[in-house]
Every structure is written in structure tokens, then in C-alpha cells.
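As given, the protein sequences belong to chains A and B, one line each in that order. Residue 0 is where the first sequence starts when you use numbering that gives the first Met the number 0, and the numbers rise one by one after that. Residue 0 is where the second sequence starts when you use numbering that gives the first Met the number 0, and the numbers rise one by one after that.
The hints are all genuine.
Below, a list of computed lysine-lysine pairs in the DSSO-like style, where the Cα atoms sit at most 30 Å apart: (1) B/62 with A/305; (2) A/474 with A/38; (3) B/62 with A/471.
None of these hints come from the bench; they were simulated from the model.
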Amino acid sequence: MSYIAAIDQGTTSSRCIVFDQSGGIVSVAQREHRQIFPKPGWVEHDATEIWTNVQSVVRDALAQASLSHADIAAFGITNQRETTVVWDKATGEPVHNAIVWQDTRTDTLIKSLGHEDKFRERAGLPLATYFSGPKLRWLLDNVDGLRARAERGEVLFGTMDTWLIWNLTGRHVTDVTNASRTMLMNLETLDWDPEMVSAMDVPLSMLPEIRSSSEVYGTYEGVPVASALGDQQAALFGQTCFAPGEGKCTYGTGAFLLINTGDKPVHSRNGLLTTVGYKIGDEPAAYALEGAIAVTGALVQWFRDKVGLISSAAEIETLARTVDDNGGAYFVPAFSGLFAPYWRSDARGVIAGLTGYISRGHLARAVLEASAWQTREVVDAMNADSGVDLTTLRVDGGMTANNLLMQFLADVLDVPVVRPIVAETTCLGAAYAAGLAVGYWPSADALKANWHKAAEWEPSMEPAARARGYRKWKKAVERTVGWMDEDDD
Amino acid sequence: MPGPIQSIQRAAEVLKLLAHGGAHQLSVGEIARALDLAKPTVHGILRTLHEVGFVEQEVEGGKYRLGAALFQIGTSYLDGNELRAKALNWSDTLAMRAREAVRIGVMHGKHVLVVHHVFRPDNSRQTLDTGALLPWHATALGKALVAFGEWPDRDLRRFTRHTLSPEDLHTAMNEVRDRDWAYDLHELVEGEASIAAPIRDRRGVVVGAVGISGPVERLCESPDQPPRLELVSYVREAARSVSRELGGLSW
Ligand SMILES: Nc1ncnc2c1ncn2[C@@H]1O[C@H](COP(=O)(O)OP(=O)(O)O)[C@@H](O)[C@H]1O
Ligand SMILES: [Mg+2]
Chain A
0 MSYIAAIDQG TTSSRCIVFD QSGGIVSVAQ REHRQIFPKP GWVEHDATEI WTNVQSVVRD
60 ALAQASLSHA DIAAFGITNQ RETTVVWDKA TGEPVHNAIV WQDTRTDTLI KSLGHEDKFR
120 ERAGLPLATY FSGPKLRWLL DNVDGLRARA ERGEVLFGTM DTWLIWNLTG RHVTDVTNAS
180 RTMLMNLETL DWDPEMVSAM DVPLSMLPEI RSSSEVYGTY EGVPVASALG DQQAALFGQT
240 CFAPGEGKCT YGTGAFLLIN TGDKPVHSRN GLLTTVGYKI GDEPAAYALE GAIAVTGALV
300 QWFRDKVGLI SSAAEIETLA RTVDDNGGAY FVPAFSGLFA PYWRSDARGV IAGLTGYISR
360 GHLARAVLEA SAWQTREVVD AMNADSGVDL TTLRVDGGMT ANNLLMQFLA DVLDVPVVRP
420 IVAETTCLGA AYAAGLAVGY WPSADALKAN WHKAAEWEPS MEPAARARGY RKWKKAVERT
480 VGWMDEDDD
Chain B
0 MPGPIQSIQR AAEVLKLLAH GGAHQLSVGE IARALDLAKP TVHGILRTLH EVGFVEQEVE
60 GGKYRLGAAL FQIGTSYLDG NELRAKALNW SDTLAMRARE AVRIGVMHGK HVLVVHHVFR
120 PDNSRQTLDT GALLPWHATA LGKALVAFGE WPDRDLRRFT RHTLSPEDLH TAMNEVRDRD
180 WAYDLHELVE GEASIAAPIR DRRGVVVGAV GISGPVERLC ESPDQPPRLE LVSYVREAAR
240 SVSRELGGLS W
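Excised from the complex, chain A in its bound form (with noise of 0.2 Å):
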């Protein structure tokens, strides 16, 4: 018997999950990596380090289940998308940390690019800090001496998927659902797009060569590495939403509502991306409409590490059912500003309704109720964009094991929430692209029968109630934006 290893480099940890050829896991393991804030708003990952705990995943998932290289038929990878490195050539040495796709640093280069619309057009995204182009622009602007080495082709630039396939196979390439969140590349022709990598001013010849997200990169201890998709991409793969109208929410450390619109980019008026989905081989590439959320999780493990009130994320739940509601508190992690629908770089979060009658349990209430008004804003919008109505939110994702966030997710949106059977669906998603490229499975569409409703979250609060909550929910967001002035920095 053979398996599927998928390698994914998530924002907070990286894993490896080994599945069968039911989808079902054999092993798992995961390391966790150090988040650096260097300054309000910055934040960075070690690249050598991510390197090296991909390596012992790997290494321990496969002698958990008492494999070896030969037992596996493919590595697939999957990542935290935009997430920016520059490496050199020779050495493999990064010439600076990565800059992780929360940080805002490049707020002012942002402005001096131009109007927010600029690029919709030809890449689907507003001209915003989260994309790789303007963290690369400001790698090339503050190394030192960087941009004479790029220009004379002796450093890389790569997103996560790019820099751990140069490391596995020695290629340097990346997807095309990566590269739809550079910001540089055209959605139409899938290719850097000559306009825009020059508005940006970054060097042709650092980037990485545009391919597919399931096919051969090349190999690693003899085994093929056959696939590559941005997490959230992996994971509408790996729910199977390979139809139009098909979607889903995964809950990590953002949360990422992804609706499949087919072989056509459609573009949103209610601050959605468009993106690409997925492309299996020489096939049309899939594209999506995405409502992105920067901080869902992150808020939990916020709560956890800077404010110490639990020790461990699934904690909350247990605070949190101290109280029987939020006391009135709402908390708008606008900590990268707020992404969609909003796109304001200038926010930064807030607690509102604060009142003496507040205690860690309503806080603790207030963090996973975030996560659900979040939801519902870009559900919201993805109605409003394409006319018809959500009927159930498919969710996924480390944090669909709180059954509090999600009977409340159900409550706020009044459709029910489902759960599949895998929850760790970017890996799944991966591990299936992966498959696909190798013959494992057959056809996507066999895929599909692995699919299974395995938890079901019923809506059941009262229409004025949540009318309510959402109003306070709005007037908390509206207090987040334009905190930011000319001179913070």
C-alpha cells in the first residue's frame, strides 16, 4: 500500500499529514514557529526555521506510521499564502526574514502605488499591504545593496510553497494560485504580467516560473512533489468544491470564505478578491471570489499568549461558557487594519462596550464572537455579489473543534454550519492535487465520494437578537477605522 504526504506551512505551524487512499490520516505531525514582531504591525518568520521544522515533520509523520520514502507515491505541499522571502541563489541563505502576509509595513508604499483599483482590473486584488509585490518592492528598497543583487540575478524571491519546493527539488517555481496573490500576476493569461511587475519596479528575473498546482515539480528522496496550492485554495480542493456556486470557510489563524466561479475570473463590487482556485495540469484553471478575514484565530492565540488568560487555544471555550453572553462587549481585531470587505489600512482593532459589569468571560466570548460577525460580513458580500443567497456554510480548520464558535457562526449567518469529516482539508487538498498528478486517485470527480457531513451546527437564535448584535457589531467596526495618522509608524 502507498501513501500521500502533504506538507503544510501554515501561518502558525507547519504539519505533515499522511493520508490513505480513502483520505483517511495515518499520521500527523506539527511544529510550531516563532512569530517575531519586530515593531507594531510587523510581523516575520524565520525562513531557515520553517525549513528546518518542514524537514523534521516530514521526517516524524512518516516514522510515526513506520514509513519510509518508498512508501509514500507523492509529496503534496500547501502554505500561508503572500508570505514573502528573498534567498540567495548559491548559499540558500534568506537575505532577511520573511515578511508574513499580516504585516503592514508597506502602508506607505501602498499609497505612493496609486488608487486602491489600480490592479483590480488584471489581478483581482486592491492595491493593499497583505500581497507579496509590495513586500518584495520593500525588501528591494531597505536591504541593504538587495536590488543590485537581484538585478545582477544572484538572489529569489519566493512565497512559502516556492521556497520549500527550491529546497525539496532545487526548481524554482511556484502556482498559479500562489501567484494570483503577488499582485503581479494577470489573471486572464496566468502569467507575470510585464505592466504590473514594472509598476512595481521588482526584477523580472527574480521571480519564479508560473505553473500548474498539480503536476511534477521534480523530486525529493525519490519521491515525486506533485502539487502546490495557497491554503485556502487547498482547502476548497480538499472540500471538493470543484462546481460553481461550490465553497467554504476555513477557520485558521484568518478565516477565508473561497466561492469556486469557474473557468471565468469574476470580478466583486463588495470588496471581494478574485483569485484562482485551482489548475489541475494542462486543464482550464478553476477561479474563485474570496472573502479574506486577517485575524480570526490569531485573536485566540492572542488572548492566549499576550494576555494569558488560557493556556491553550480550546481554552476559550471553556472561558467563555462561564458567561451566557458577551456583556455587551464586542472586539474588532482590526490588527492588520481590516481586510475584506473593508480594506482599510488604517484601522486597528478595538473593544467597545467596555463597562465595569465585563469580566474574562465575556472577553472570552467577545474573541469568538469576532470571528462569526467577520463571517457574516463577507457572506454578506458574496450574497450581494452574486445574487443568490448562501443556504449552508461548509467550514473547516482547527477552530471548527469549538462548538461554541460555531453554533454561534450558525446563529449569526440563520443557515446551518457542516463540518466534513476532515477537518485539516488543506492537507487534504494538497495530498488530493498531489494524487491527481501521480495516478493515485483516478479522477477529481471520485474525490468527491470521500466527502462526508461528520458535524451540524443549526441556526436557533431569535431574528431580533441577532439583528441587534450585528447593528452593535457594525457601530464596533466603525470605530476601528482611521486610527491610524500620517506620522505613526
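Starting from the known structure of chain A, fit chain B with the ligands onto it as the hints suggest.
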């Protein structure tokens, strides 16, 4: 030497009940019901525990939860929500392999509290019963928990003619300890069976149990036979995987 002091025993019961993961804070009435004690007795115990800071109330006259003083003396307990998060991958995999519904339980007073439930993977209509209480003596989950802990009480209600008598239960529990897994056959509901195995933390203490349940004809070769060994091995493998996740096993 004098015998055990009853009021201290009872105070310990109250604390254990409040400590159990996933639970709300509890009212005097709820505690009294769970422990089969008179309300004034529970009230007296809580008042004393409140004075020493081992329990606290959000508002005067409201529900009770564990107090800060107790956390400061620092015994670690396993949070039920934590257990669910750690078990997620393995309970899903168990449901896929066995093609049956999966539940994870912890002891809560005299009952088994369901902290996690995975639907039977056939996309049929099912209702999440996380938070439900099950009788320990008529379920595989309960037997797997109690075999390695303390016997909650002797009031063992008969649900069917197959529900075990106290004597048979004693024998069965010895078997559970020997085999390290448990089952129930028609004991809670006629025609239904369940299989479960204990989950251990890093100290080797049983902190939960994971199991499957379903109709006897699917779980067993025949209606009066113990469960199919293939299913038992899936359940035990899941329990081992969750235990490993909790740092409880080295293999
Ligand atoms: N039971 C839980 N309740 C609330 N938040 C949780 C729970 N379990 C995990 N999280 C949050 O989910 C995030 C980790 O999920 P994961 O899918 O690994 O994220 P990522 O892929 O973005 O690194 C963390 O931010 C953590 O705080
Ligand atoms: Mg992830």
C-alpha cells in the same frame, strides 16, 4: 485511625464536578442533582469552599465555578474542549474507517459527558449531541472510563433486560481492565451496541474514552457475540493516537 470525613469527600466531589471540562458553571440545584445530595448540604459545602477561594460566583446568588485559589495550587486537569481539539483528527479517521458515529466521553459526576461527536459518515440526517449525559454502566464509554477510575455509585438503573447486574458488571469491568477496551451489547438500547477504549494523558491517567456505537448487526458478527475485532482494533488505534497527542504514549 478515624474513617474518612464525609464532608471533605463531598467537597471533593463538588470540586471534581466543577472541574470537568466543557461544563458551564453550575447552580446549587444542578450540583445537588448530579451528586444526589440534598440542596442545603451542597449549599453548606459551597459556602465553605467559597470562603477559602476554591469556588467563586460571577454574581451573588448566581452559579458557581472553580475559584482562583484552586488554580494557584496548580493541579492540572484536562479541559474537555482541549480533549476535543486534540482528538479531532483521530475521531474523524475512526468514523471513516468504522463507518459509524464516534463519541468521546469524560466522567462528569456519575455520568458520562459527551465532549465530542462525529456523525456516521453516510450524510444522513443526524443531530449533534455534544453536551449530552450518558449512564456509565450501560455504555462502552462509561465502562472504559470507570474501569480505570472510581466506581461512581451502586444505583445502576436497568434500561433493558441486558443491562448488567452489579455482579456481572464487576466481572465485566475486570475484563475491561485486562483487555483495555469495553463494549455494551443491548445494555442501553435493545439492538444497539458500542465499543470504546480509554484515552490516557502523559501521566498514564485515563482522562477520557473514545468509541463507536451503532446497530448490533453492524457492530457484531451475530446478535449475542462480542463486537467484530476489526472494529475493536480501529477504536483502540484511535484511543492510542489521541493518547499520543496528549503525550501519553511513546509508540
Ligand atoms: N479550539 C479552538 N478554539 C479557538 N481557536 C482555536 C482552537 N483551536 C485552534 N484555534 C486557533 O486556530 C489557529 C490555528 O489553526 P491552523 O488551522 O493551524 O492555522 P494556520 O494554518 O493559519 O496556521 C490558531 O490561531 C489558534 O488560536
Ligand atoms: Mg492552515
